[in-house]
Amino acid sequence: MSAGTAGGPEQAHPIRLYLLVWGWLFVLSGCSYLVDYFHLQGSLRWFLILLFMIVKAGLIVAVFMHMAWERLALVYAILVPPAALLVFVAIMTFEASYTLLTRLAFAGLG
Amino acid sequence: MTGFAFRSVAPAETRPSQWRRLSREWSADRQAFGGASWRKAMMWIFLLSDTFVFGCFLLSYMTVRMSTTVPWPNPSEVFALEIGGTKMPLILIAIMTFVLISSSGTMAMAVAFGYRRDRVRTALLMIVTALLGATFVGMQAFEWTKLIHEGVRPWGNPWGADQFGSSFFMITGFHGTHVTIGVILLAVVARKVWRGDFETGRRGFFTSQRGRYENVEILGLYWHFVDLVWVFIFALFYLW
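First to last, the sequence lines map onto chains H and X.
If you use the working numbering, the first sequence closes out at 110, no skipped numbers anywhere.
If you use the working numbering, the second sequence closes out at 240, no skipped numbers anywhere.
Everything labelled a hint here was simulated from the structure, so no lab data went into it.
There may be inaccurate statements among the hints.
Said to hold, decoys possible - Covered by chain H, according to a simulated footprint, are these stretches of chain X (three or more residues, beta-carbon under 8 Å):
hint, segment
1, 33-43
2, 66-79
3, 91-102
4, 123-131
5, 149-156
6, 223-234
To be verified - Taking CB as the label site, the calculated pair distances span:
hint, chain 1, residue 1, chain 2, residue 2, range
7, H, His39, X, Thr200, 56 to 64 Å
8, X, Thr200, H, Phe26, 36 to 44 Å
9, X, Gly173, H, Val80, 39 to 47 Å
10, X, Val120, H, Ala90, 44 to 52 Å
11, X, Phe142, H, Gly58, 27 to 35 Å
12, H, Ile91, X, Gly138, 33 to 41 Å
13, X, Gly173, H, Ala90, 34 to 42 Å
14, H, Tyr76, X, Val70, 41 to 49 Å
15, X, Trp19, H, Leu85, 19 to 27 Å
16, H, Leu100, X, Val120, 52 to 60 Å
Positions of the beta carbon are idealized from the N, C-alpha and C atoms, including for glycine.
Same shape as in the complex, but just chain H:
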């Protein structure tokens, strides 16, 4: 994982690496499908779905998109800003809960 090969045109990763990641993505997708197939519910379902999602996203970004071999300056320029989305998620969670509360309180159920 050396830095500084970003502009280097030759990145001769073995094809085997890509096949390996491909295989893992298949396995992980299969696992997330099985979560639905076996009707897992509650926090276990929630946890497994997010776990498989993050691992798959990480594999795609790190290996397929060569992020693991990019310089740190670019890695942070790309990966840090989306963290703002998490703040946005928190804000909209409050907003949505408030909307639901007012709907239940004033509009009646349904």
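Following the hints, complete the assembly by docking chain X onto the known chain H.
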């Protein structure tokens, strides 16, 4: 952060650490990513902006789903298909996921063969990627047709919260558009690779620039991003 100032007194012959390089590049007051390929850097910046587009779609989906008093339709049943008499939950979406992941795999290999200057294999793998992408769009069109026949509209559906339709069409529609654009670009670049444009230095018809095999990698970045977005849509919209 003051730790960095202290460490700078250390002997200069040691190779700068990753963090040192990071702060140096950002505080250089000249240009970031010095020596990097600007084509690749700009594609990354574009993908970052696209991340926010899809992020906002998924956020608005979260917001309407959390705030509705009507139960959300169960995606597991809505997207079920009957195959050979048995009802398979979400089966079409699962197949679409595998198709798109496979296309990402072939694209990654196309990039690797491009850097090995293997013209024929690169072009063929890109064609396979494009075909898999087209298959994905075809299956999505089938899914849309099925749901529209069943009465799903952006303003309502037979099973529950009205917001289901608008979220579904907006998110999968935008993603499908991205896949379609990717398929077109794949066909264009695969033709260039096949013709040997990157060896002969033939200028592009649109930009009049000479291409290199890096173009395959840049297109690959876009294609993998499309796959990446699907990972999130699959988890958050179909499985949640």
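Evaluation of the provided hints:
1. 33-43: holds (count 6)
2. 66-79: holds (count 6)
3. 91-102: holds (count 5)
4. 123-131: violated (count 0)
5. 149-156: violated (count 0)
6. 223-234: holds (count 7)
7. H/His39 to X/Thr200: 56 to 64 Å: This hint holds: roughly 58 Å between Cβ atoms.
8. X/Thr200 to H/Phe26: 36 to 44 Å: Given about 38 Å between the Cβ atoms, the range holds.
9. X/Gly173 to H/Val80: 39 to 47 Å: violated, 29 Å
10. X/Val120 to H/Ala90: 44 to 52 Å: holds, 51 Å
11. X/Phe142 to H/Gly58: 27 to 35 Å: holds, 31 Å
12. H/Ile91 to X/Gly138: 33 to 41 Å: holds, 38 Å
13. X/Gly173 to H/Ala90: 34 to 42 Å: violated, 27 Å
14. H/Tyr76 to X/Val70: 41 to 49 Å: holds, 42 Å
15. X/Trp19 to H/Leu85: 19 to 27 Å: holds, 25 Å
16. H/Leu100 to X/Val120: 52 to 60 Å: Since leucine 100 of chain H and valine 120 of chain X have Cβ atoms about 58 Å apart, the given range 52 to 60 Å holds.
Checked against the numbered hints above, the structure violates hints 4, 5, 9 and 13; every other hint is satisfied.
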